[in-house]
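**Q** Chains A and B are the protein sequences, given in the same order.
The numbering of the first sequence is the numbering used here, which starts it at 1 and goes up by one.
The numbering of the second sequence is the numbering used here, which starts it at 284 and goes up by one.
Misleading hints may appear alongside valid ones.
Said to hold, decoys possible - Simulated crosslink set (SDA-like; lysine to any residue; CA at most 25 Å straight-line):
no., chain 1, residue 1, chain 2, residue 2
1, A, 200, B, 369
2, A, 199, B, 291
3, B, 439, A, 196
4, A, 221, B, 499
5, A, 192, B, 501
Claimed, not checked - Listed below are several chain A residues computed to face chain B (Cβ distance under 7 Å; list not exhaustive):
no., residue
6, 126
7, 248
8, 250
Unchecked claim - Covered by chain B, according to a simulated footprint, are these stretches of chain A (three or more residues, beta-carbon under 8 Å):
no., stretch
9, 2 to 13
10, 127 to 134
In case anyone wonders, no lab produced these hints; they're calculated from the structure.
The structure presented is a predicted model; accordingly, all values stated were derived computationally and were not measured.
Yeah, the Cβ is synthetic: ideal placement off N, Cα and C, and Gly gets one too.
2 protein chains.
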Amino acid sequence: MTKILNGKIIAEQIIASIKKKVQNHCPKRVPKLVVIIVGDNLASQVYVRSKVKACHEVGIAVVELAFKADISESFIINEINNLNSDDSVDGILVQLPLPEPLNTLNIINTIAVNKDVDGLTNVNAGRLLQGDQQAMLPCTVKGILALLTYYRIPIKGQNITIINDSNIVGKPLALLLNNLGATVSITHKLTKNLSIYTKKADIICTATGIFNIIKPEQVKKGVIIIDIAIKKQGENKKIVGDIDFEKMKNKAQAITPVPGGVGPMTIAMLLVNLLNLYEKQIN
Amino acid sequence: MTKILNGKIIAEQIIASIKKKVQNHCPKRVPKLVVIIVGDNLASQVYVRSKVKACHEVGIAVVELAFKADISESFIINEINNLNSDDSVDGILVQLPLPEPLNTLNIINTIAVNKDVDGLTNVNAGRLLQGDQQAMLPCTVKGILALLTYYRIPIKGQNITIINDSNIVGKPLALLLNNLGATVSITHKLTKNLSIYTKKADIICTATGIFNIIKPEQVKKGVIIIDIAIKKQGENKKIVGDIDFEKMKNKAQAITPVPGGVGPMTIAMLLVNLLNLYEKQIN
Numbered sequence: 001m002t003k004i005l006n007g008k009i010i011a012e013q014i015i016a017s018i019k020k021k022v023q024n025h026c027p028k029r030v031p032k033l034v035v036i037i038v039g040d041n042l043a044s045q046v047y048v049r050s051k052v053k054a055c056h057e058v059g060i061a062v063v064e065l066a067f068k069a070d071i072s073e074s075f076i077i078n079e080i081n082n083l084n085s086d087d088s089v090d091g092i093l094v095q096l097p098l099p100e101p102l103n104t105l106n107i108i109n110t111i112a113v114n115k116d117v118d119g120l121t122n123v124n125a126g127r128l129l130q131g132d133q134q135a136m137l138p139c140t141v142k143g144i145l146a147l148l149t150y151y152r153i154p155i156k157g158q159n160i161t162i163i164n165d166s167n168i169v170g171k172p173l174a175l176l177l178n179n180l181g182a183t184v185s186i187t188h189k190l191t192k193n194l195s196i197y198t199k200k201a202d203i204i205c206t207a208t209g210i211f212n213i214i215k216p217e218q219v220k221k222g223v224i225i226i227d228i229a230i231k232k233q234g235e236n237k238k239i240v241g242d243i244d245f246e247k248m249k250n251k252a253q254a255i256t257p258v259p260g261g262v263g264p265m266t267i268a269m270l271l272v273n274l275l276n277l278y279e280k281q282i283n
Numbered sequence: 284m285t286k287i288l289n290g291k292i293i294a295e296q297i298i299a300s301i302k303k304k305v306q307n308h309c310p311k312r313v314p315k316l317v318v319i320i321v322g323d324n325l326a327s328q329v330y331v332r333s334k335v336k337a338c339h340e341v342g343i344a345v346v347e348l349a350f351k352a353d354i355s356e357s358f359i360i361n362e363i364n365n366l367n368s369d370d371s372v373d374g375i376l377v378q379l380p381l382p383e384p385l386n387t388l389n390i391i392n393t394i395a396v397n398k399d400v401d402g403l404t405n406v407n408a409g410r411l412l413q414g415d416q417q418a419m420l421p422c423t424v425k426g427i428l429a430l431l432t433y434y435r436i437p438i439k440g441q442n443i444t445i446i447n448d449s450n451i452v453g454k455p456l457a458l459l460l461n462n463l464g465a466t467v468s469i470t471h472k473l474t475k476n477l478s479i480y481t482k483k484a485d486i487i488c489t490a491t492g493i494f495n496i497i498k499p500e501q502v503k504k505g506v507i508i509i510d511i512a513i514k515k516q517g518e519n520k521k522i523v524g525d526i527d528f529e530k531m532k533n534k535a536q537a538i539t540p541v542p543g544g545v546g547p548m549t550i551a552m553l554l555v556n557l558l559n560l561y562e563k564q565i566n
């Protein structure tokens, strides 16, 4: 039987404990997140809505700054600088992707390190490379780690194949898993023969947005699959990830469902990160 | 016939061109590097000596600050802060490893980004993860890239296995090669079965310090091997890398010799990085 790695239940537990902390241990002021969203990307709007909802649920104040797609880079940078020096703000999140021609790196790297709730600034990325415990982990990466830890899935010495090489998921995840002793392969669109990487993997972490990207014959029996993708598929707009669960269930030892796997963990980790920044700021 | 990737000759060309630049285009003041060395690690002393010598050769001023192993962390950090605000200093290099109990990350990350000639601060490491062109590449990593580029060895779409996962070589090299479109596996001491990673590699980059770490039967015909290691071996103190060249020469398409491969390129790239920092500083 394939084990379902139930992110939803773990996330609910984490969220409940954060709610308690916010109620009982935030005497001076309420923790506050500012979310910046630019343009009218539908998926981004959905993500932001669920982040805002989660904050409300636990009593974290959240301010949403929505800008039109034609906003200037300097305006956003100026806005972030103001938020950086605003003591009532604990975390700043810029929802990605940003519309062209905005320079994402310029904007992200303007966020003060002590307010980088998404762990996407160059300083936090570099800390992760260095194995520095101070690194703020990107929420998805931290959520995957929490999921593996909860289910006591070993990382050290394991062969792990990541199918994604983005700045937000693939690259930081590779560094984190390497730091924890895994042998990591980073694969992507240009990978010549994905099967040679998936077949030898003890754990596969996939985030391609391509449904059924790996077939059962491309993995070894007993593999653990972390499905990070999410999209609506087909006429009935069914929510799917990268893996066809029905096909993979006799082959995989464990798998994250979509929805209800990595997604809820990502949201929970945003709250965890925000509370960490808050605690550092008020102490 | 196995092609020899002659780093020495390329490095000499680069060094000659830097010498010319320093003589002709550095009117305001001479570029200056400060090297900090702590304790009496013999290998470190040898490395520092060759770096100092290379600077002298091209007319870059170099100051060597040597401290005893029992120097305090705060003293070194204070020293680096002084150098950060000294306009006559273009680059600061802290020779690694540092003796215990000094905290390497605290010390390295004190170096101002605009003087980080080794590209080892968290900001530059993070820039590399982000694919930011502003990233100052660590000298060895940059040297390997220059070597591959010189010999027109393709990187995009290639399967590359790195045997090393240090902050200085393995991890930044993996990010760089990934950014350039390679499929990268990072292997190390805890890797269960190194052969499965070496056998499928188009390019192997190895830096273990273990002579003969990969045998001919562990690689595919036509592999390109970048040997990053160097040590003295046996009674006659022969200088060797990770690869037994004689054994590998019928199997590999190309290989870097030790000595005369990656080593000279690393030194040359230190000069290139220093001159880049100088040019940014005076302009």
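**Q** Could you run down the list of hints and mark each one as holding or not?
**A** Hint check:
Of the supplied pair hints, the one linking residue 200/A and residue 369/B is violated, its CA atoms being roughly 53 Å apart against a limit of 25 Å. Straight-line distance between C-alpha atoms of residue 199/A and residue 291/B comes to about 40 Å, which puts the hinted pair past the 25 Å bound. Distance check on the hinted pair: residue 439/B and residue 196/A sit about 18 Å apart at the alpha-carbon level, within 25 Å; holds. Among the hinted pairs, residue 221/A with residue 499/B is inconsistent with the structure: their alpha-carbon atoms are about 30 Å apart, more than 25 Å.
Between residue 192/A and residue 501/B the CA atoms are separated by roughly 20 Å; this keeps the pair inside 25 Å, and the hint holds. At about 3 Å, the closest approach between the beta carbon of residue 126/A and any beta carbon in chain B falls short of 7 Å, and the interface hint on this residue holds. For residue 248/A, the shortest C-beta to C-beta distance to chain B is roughly 22 Å, which exceeds 7 Å, and the interface hint is violated. With its C-beta approaching chain B no nearer than about 24 Å, residue 250/A sits outside the 7 Å limit, and its interface hint is violated.
Evaluation of the coverage hint for the stretch 2 to 13 of chain A: breached, as 0 residues show C-beta separations to chain B shorter than 8 Å, against a requirement of three. Against chain B, the stretch 127 to 134 of chain A contributes 6 residues with a C-beta closer than 8 Å to a partner C-beta. That satisfies the three-residue criterion, and the hint holds.
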